[in-house]
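Colleague: Sequence:
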Amino acid sequence: KSNGAMVTGWLLDGKTWYYLKSNGAMATGWIQVGKTWYYLRGNGAMAANTWIGKYYVNKSGAWTKTR
Numbered sequence: 001k002s003n004g005a006m007v008t009g010w011l012l013d014g015k016t017w018y019y020l021k022s023n024g025a026m027a028t029g030w031i032q033v034g035k036t037w038y039y040l041r042g043n044g045a046m047a048a049n050t051w052i053g054k055y056y057v058n059k060s061g062a063w064t065k066t067r
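This note's numbering puts the first residue of the sequence shown at 1, with every later residue one more than the last.
Hints in this document: simulated from the structure, not taken from any laboratory.
It is possible that some hints are incorrect.
[As the list claims (entries may be wrong)] Pairs of lysine-lysine residues, derived as DSS-like cross-links and limited to a Cα-Cα distance of at most 27 Å, are as follows:
no., residue 1, residue 2
1, K35, K15
2, K54, K21
3, K35, K59
4, K15, K59
5, K54, K65
6, K21, K65
7, K35, K21
8, K54, K15
Given only the sequences and the hints, what does the whole structure look like? Please build it.
Modeller: Structure below.
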């Protein structure tokens, strides 16, 4: 951040969402935020509107039980 504080939580860079852990590291794989699950690719980018194996993530990136 501009005040020198480390960014944590969701970060929008251009059109791509990333999730930064409490230590500032980019999260990858499946993460749970609140009651919602998200999938972050190997480069940290949030997946959206796609299948991850047998699981579907919607346009918000959230895992959904139905498509």
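Colleague: Within a Cα-Cα threshold of 27 Å, do K54 and K15 meet the stated pairing?
Modeller: holds (25 Å)
Colleague: Below or equal to 27 Å on CA atoms is what counts here, so check K54 against K65.
Modeller: Holds, at about 10 Å.
Colleague: For the pair supplied as a hint, K35 and K15, confirm whether the alpha-carbon distance does not exceed 27 Å.
Modeller: Holds. K35 to K15 sits at ~24 Å (cutoff 27 Å).
Colleague: Check whether the Cα positions of K35 and K59 lie no farther apart than 27 Å.
Modeller: holds (17 Å)
Colleague: For a C-alpha distance cap of 27 Å, please report whether K35 and K21 respect it.
Modeller: holds (17 Å)
Colleague: K21 and K65: Cα distance at most 27 Å?
Modeller: Since the Cα atoms of K21 and K65 sit roughly 26 Å apart, the hinted pair holds (cutoff 27 Å).
Colleague: Assess, step by step, whether the Cα of K54 is no farther than 27 Å from the Cα of K21, and give holds or violated.
Modeller: With Cα atoms ~26 Å apart, K54 and K21 stay inside 27 Å; holds.
Colleague: Would you check the hint for K15 and K59, treating anything up to 27 Å between C-alpha atoms as holding?
Modeller: Given pair K15, K59 holds - Cα atoms ~13 Å apart, limit 27 Å.
Of the numbered hints given earlier, the model fails none.
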